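Enquirer: Protein chains in written order, with the working numbering: chain G, 34 to 353; chain F, 423 to 683; chain E, 82 to 479.
Warning: the hint list may mix true and false statements.
Derived contacts from chain E toward chain F, CB cut-off under 8 angstroms, selection only [to be verified]:
| id | residue |
| --- | --- |
| 1 | Gln-177 |
| 2 | Gly-179 |
| 3 | Val-325 |
| 4 | Gln-327 |
| 5 | Pro-331 |
| 6 | His-365 |
| 7 | Glu-376 |
| 8 | Val-392 |
| 9 | Val-394 |
Taking lysine-lysine pairs in the BS3-like style, the calculated list, with each CA pair at most 30 angstroms apart, reads [to be verified]:
| id | chain 1 | residue 1 | chain 2 | residue 2 |
| --- | --- | --- | --- | --- |
| 10 | G | Lys-339 | F | Lys-680 |
| 11 | G | Lys-216 | F | Lys-650 |
| 12 | G | Lys-253 | F | Lys-512 |
| 13 | F | Lys-524 | F | Lys-486 |
| 14 | G | Lys-319 | G | Lys-44 |
| 15 | G | Lys-36 | G | Lys-60 |
| 16 | G | Lys-178 | F | Lys-655 |
| 17 | F | Lys-512 | G | Lys-178 |
| 18 | G | Lys-62 | F | Lys-440 |
| 19 | F | Lys-512 | F | Lys-650 |
| 20 | F | Lys-501 | F | Lys-680 |
| 21 | G | Lys-312 | F | Lys-506 |
| 22 | G | Lys-173 | G | Lys-339 |
| 23 | F | Lys-486 | G | Lys-350 |
| 24 | F | Lys-650 | F | Lys-669 |
| 25 | E | Lys-94 | E | Lys-128 |
| 26 | G | Lys-60 | F | Lys-679 |
| 27 | F | Lys-650 | F | Lys-619 |
Everything labelled a hint here was simulated from the structure, so no lab data went into it. Nothing here was measured: the structure is a model prediction, and the numbers come from that model. Heads up, the beta-carbon is just placed ideally off N, CA and C, and yes, glycines get one too.
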Amino acid sequence: MSKILIVAEVKNSEIKKNTLELISFAKSKGLEMDAVLCGSGVFGQADVLAGQGASTVYLGDDSSLEIYNTEQYTSLVTDALQQSGATQVWLSSSELGRDLTPRVAARQGVGALSDVTQFEVNGDEITAQRPCMSTKVIQKCQFSKDGLRVISIRSGFFAPEETTPVPAKTVSLSIPEGHKQLKVKEVQAEVSDEVELNEASIIVSAGRGVGGPEGCDFVKPLATELGAAFGASRAVCDAGWLPHKHQVGQTGTMVTPDFYFALGISGAIQHLAGMSGSKVIVAVNKDPDAPIFKVADYGIVGDLFKAVPVLREEVAKIKT
Amino acid sequence: MEIIVAIKQVPDVALNIKVKDGAVVEEGLSYVISSWDETALEAALQITEDVGGEVTLLTIGPDKAAESLRKGLAMGAHKAIHVKYDDAKKTDSFAYAKILQKVLEGREYDLILTGKQSQDTDAGLTAPMLAEFLDLPQVTNIIRYSDVSAQNITLYRQGDNATEVLEMQLPGIVTVNDSLNEPRLASMRGIMMAKKKPLEEVDLDALGVSAEMRGAQGSMTEVLQFEKPESRKEGKIFEGDEADTVKQAMELLVSEKKFLA
Amino acid sequence: MTQRMWKNHDLKKSYDIVIIGGGAHGLATAYYLAKLGITNVAVLEQKFLGYGGSGRNTAILRSNYRTEEGIKFYDQSLVFYEDLAGELDFNLMFSQQGHFTLGHSTAALSGLVTRAENNKALGVDSYVIDPQEIKKMLPEIDITDHPRFPIQGALYHPPGGIIRHDAVVWAYARAADRKGIEIHQLTEVQDIIVENGKTTGVKTNRGDVSCNTVISVVAGWSSEVCKKVNVKLPFVTHPLQALVTQSYKPWLHHVVVSGTLHIYLSQTDRGELVCGNGIDTYPHYGMSSTLGFLESYAAHVLELFPCLHNVAVQRQWAGLCDMTPDYSPIISPIDEIEGFYVNGGWGTYGFKAAPASGFNTAEMVATGKTPEMIEPFRYNRFAENRLVGEKAAASVGS
C-alpha cells in the first residue's frame, strides 16, 4: 500500500503554500498521507496540515530547529518515515528542499527526482517531468528500481484547496543531534513579511533598467500594492541594489507565479530559465529586441519610469 | 588546505539545444566545464592562494572530459584525477555519488567543492548524496565564505528567505552558487603549464567499481525521454506613449487573464 | 520604432538575381549591383548577416601578395577599403598601422624578398627589414637567438592594418538596403532549380523564388551549394580557429604574422589581442574550438612575445575556410549552367578581398563579361593548369 510522507515547511508561523499544494494534490488523488513538520513553535500548524488531509503529523518542535540544518532535519524525516511506513517522500524544491532531498534519499539508499514541475502517481510508480539544461529541455523520468520514492516539486504546480484546520493526530519525534562538525552561527535576515519568491502568485521584478537602488525603491511600491513578491535580475543583485534573496533565475529562485511583471529586465538566459514557466508574463523594456519580449504575453516597449506610475494607477483602479 | 573540486563536462547550454526522437541531438553541442563548477574552482584557487595548499580537480567522464580537466589546470589547479567512464547517459546522481565515494575512499582532502548543480541535469543531487555516503557535513548554495583556516571555514548559505551563516569543521562538502565569484580566465602561461601538470587516470575496474554500480544498473532513476518545452504563445507588443500602452495592456490582462479577479 | 539598419521584407515570388550568402562578399556584390542600377535582387542568408567568415576572421587587411594577379586584385581591394568609410557613410575603424610578415629562416627571407620585389613592381608598398629595424617598431618582440626559430627579418607592409569586420558587413548591408536591395535573413536556400541548363530559381525554407541568375557567395559552404547543381569545384573546407584576450593598454601598434609559427596577432582599439592560427589540418564543417589550438597558440606566441605570459584568454572561436589548391579564389560563371555564378574559395584570405570581390562579381554578372581583374580566377584554371599560386603569401603554413 503506498503512502506519502510530506515534508512540511513553515514561514512566519504559517504553512507555506507549496506544502499546501503537495498535500492538496495528494488528497485530490485519494492518496493516504502523513506529514512531518519541523521547526520551533510550529506545533500549532499541525492542525492546518490535518485540515488539508494529513492523517498523522510527525512533529519535530524544538528551539534548535528554528534554523534549518541538514543533519537534524534529515534525522527527523528519517524517523518520521520509519514510524509512518510511508513509501514516498514529497518535498518542496525550495532551498530547504534542495538541500534536504538528496540527503534523505541517500540515507535510505535510494535515488531522487528533484525540481519536478509535473508528475503522475500510480501507486508507487511516478512519472515526472523536470526541466534541465537551463529549461531548454524537459526530461521525462521515472524511478527504475523498487524502493522508497523521494521527489522534490516546484511550487505552482497545483492550486491548493482552501480548508479549515482540524485537530491533528500528532506524534512527537525525539530531537536528534545536529552534525558535530557544523555550527549555525547566525541567520542574516531582515525581519519582514515580504512574500517569498517561490510562494508568490504575483511577482514584480526589477532589472538593470531600474538604474540603481533608487530605481528599486521606485518599483517596489507596485509589488507591495499588488501583494506581490519583489524579484530582481542577477545584474541587480550582483550590483548590490537588492539582496540576493530577491534574485529570480537559475542562480536565485526558480519561479512559476500566475503573473510575472518584468520591469527593465532584458531577459538573460539564466533569468528566462528561472521565470519562463510563469503563467502570464508582462514585460516593460526600452529595447524592442530584448529577449524578454519573446516570452512576454504583454510586452510594453517603453520607459519603466513612465510605465510604473501608470501601472500603479491602473492597479488601484482595478482594486476598487 | 587540500581541496578537491569536482567538475563535470557538460554541453554549453548557452547554445541552442535540439531534441530529436526523444533525445538531445549530439551534433552541434560544444562541451564546457559546468559553470557552477568553474565558480567552485575559482573559490578553491582563492582559498589556497590565501592559506596555502593544493587544488585537485576530479571528474568522471569519457576521454574528451580530459579537455575540461586541462582547462581547469590552465586556470591554476595543481593536479587532476580523471575517472574514465563512458556510461554517462544512463547514470543518475545516485550512481555518480556512489562511484565518487569509491574514488575518494583513501584519499586525503580537507574540503570538497563543487557547483550547486550541473548545467546538464540541473538536479543538484550528487554532492549531498556523496556527503551522506562519506558521512561528511554539507553546506549547499553558498554565496560567500570567510574565516578560512586549516580546520574551519565559515560559510554563508542562501536559504529561502535568509542567509544562514555556518561554521564548518573540516573535512566537509560545499556547493557553490555562481554569485560567489567571477572565475578567472586561463593565461597563456597557465595554458602552457597545464600540459606539464599531473593528470591521474583512474580505471573503475582497478578501483573495484563493479558493473552493477555503473550506468543503468547502478542508477535508481532513468530518463525516459527528452522534449523541448512548449514554446510560449506569441504575445502582444505595445509601442507608443506609456500612458496609453500600459492602460491597454492592463485592460487585456484583466479581461483575458482575469488579473486580480 | 527604432530605426533599423536594414529592413525586413516578405519574400517575393521572383527576383532578377538571387545572391546566396549574407556575408561581406554577398552584401558587397549586392551593393555594387545596385550601383550599376540592378536592384531587383535578394540576398538570402541562412543564419544572420556576418554569421560565417565575415564575423569570424581576424580583420586584417593587406595586399602584399606574391603573384601579379593576386597583388593587383588585393591591392584594388585595399584601395576600395581606404575610401569605404566615406563611400558607405559608416565608421569602419580602419587602422592602417603597418603589417609585419616575419621570416625565421634564410629560405623564408628569400621568399619575402621575392614578394617585396613583386609588390614594388606593381606599386604596392612593401619591403624587407632586418631584426634591428623590427625591434624599433616592435620593442616587445624577442629577436634574440633564444627561441627555436629566431627572427631573421620581416616583410614590412605599411598600408596593411585592421578594420572592424562587423562594421564592414553592416555598412554594405545598409548601403545595399538603401539602394533598394532586399536582405532576407534566416532564409536557407535548400535547392537551386535548373531547367534545360538554365538557372530558373531557388527553393527556400520560406518558399520558392524564381530568378534567372543565382550567385553563390557562401565561402566555407561553397561545396555544399555547388553540390545542389552537381558542379564539382576543388574546394576543401577546413576549420580555422582564433581567440581574443582580455583588454590591455595599447602596446602592439602593428599587425604581426609568422608563417613559421603559424600565428598572427594584432591589438584592437579596445585593447584586446586578436589572435589567429593556421587552418586545422583536417577537413571538417565543425566550428568547435579546441584546447589543442590554445596550447599551440600559447606556445608559439610566447616565443615571439615572452611578455604575454600573464595575458588571459577571453574567448575562442572557429570559422570555416574553403581552401583551393592554389590558395586563390574562384570567381566565375559556370559554363555548364547558364545564370549560375560562383564566388568562393576564399580560404583564409577572403575578408580583405570583399570590396574587390563584390565589385568585380557585380560587373561580371551585370555585363555578362568577366572583368580582366578576375579573369585569372575562373574555375577552369585548374583544368587548364594556369594556377595562381598564393600559398606562400596567403597562409601561415600548415
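Enquirer: Hints first: check each against the structure and report whether it holds.
Expert: So, going through the hints one by one against the coordinates:
{"no.": "1", "hint": "Gln-177", "verdict": "28 angstroms, violated"}
{"no.": "2", "hint": "Gly-179", "verdict": "24 angstroms, violated"}
{"no.": "3", "hint": "Val-325", "verdict": "11 angstroms, violated"}
{"no.": "4", "hint": "Gln-327", "verdict": "7 angstroms, holds"}
{"no.": "5", "hint": "Pro-331", "verdict": "19 angstroms, violated"}
{"no.": "6", "hint": "His-365", "verdict": "13 angstroms, violated"}
{"no.": "7", "hint": "Glu-376", "verdict": "6 angstroms, holds"}
{"no.": "8", "hint": "Val-392", "verdict": "5 angstroms, holds"}
{"no.": "9", "hint": "Val-394", "verdict": "6 angstroms, holds"}
{"no.": "10", "hint": "G:Lys-339 to F:Lys-680", "verdict": "24 angstroms, holds"}
{"no.": "11", "hint": "G:Lys-216 to F:Lys-650", "verdict": "43 angstroms, violated"}
{"no.": "12", "hint": "G:Lys-253 to F:Lys-512", "verdict": "46 angstroms, violated"}
{"no.": "13", "hint": "F:Lys-524 to F:Lys-486", "verdict": "22 angstroms, holds"}
{"no.": "14", "hint": "G:Lys-319 to G:Lys-44", "verdict": "37 angstroms, violated"}
{"no.": "15", "hint": "G:Lys-36 to G:Lys-60", "verdict": "11 angstroms, holds"}
{"no.": "16", "hint": "G:Lys-178 to F:Lys-655", "verdict": "38 angstroms, violated"}
{"no.": "17", "hint": "F:Lys-512 to G:Lys-178", "verdict": "14 angstroms, holds"}
{"no.": "18", "hint": "G:Lys-62 to F:Lys-440", "verdict": "35 angstroms, violated"}
{"no.": "19", "hint": "F:Lys-512 to F:Lys-650", "verdict": "20 angstroms, holds"}
{"no.": "20", "hint": "F:Lys-501 to F:Lys-680", "verdict": "59 angstroms, violated"}
{"no.": "21", "hint": "G:Lys-312 to F:Lys-506", "verdict": "43 angstroms, violated"}
{"no.": "22", "hint": "G:Lys-173 to G:Lys-339", "verdict": "44 angstroms, violated"}
{"no.": "23", "hint": "F:Lys-486 to G:Lys-350", "verdict": "60 angstroms, violated"}
{"no.": "24", "hint": "F:Lys-650 to F:Lys-669", "verdict": "34 angstroms, violated"}
{"no.": "25", "hint": "E:Lys-94 to E:Lys-128", "verdict": "21 angstroms, holds"}
{"no.": "26", "hint": "G:Lys-60 to F:Lys-679", "verdict": "28 angstroms, holds"}
{"no.": "27", "hint": "F:Lys-650 to F:Lys-619", "verdict": "41 angstroms, violated"}
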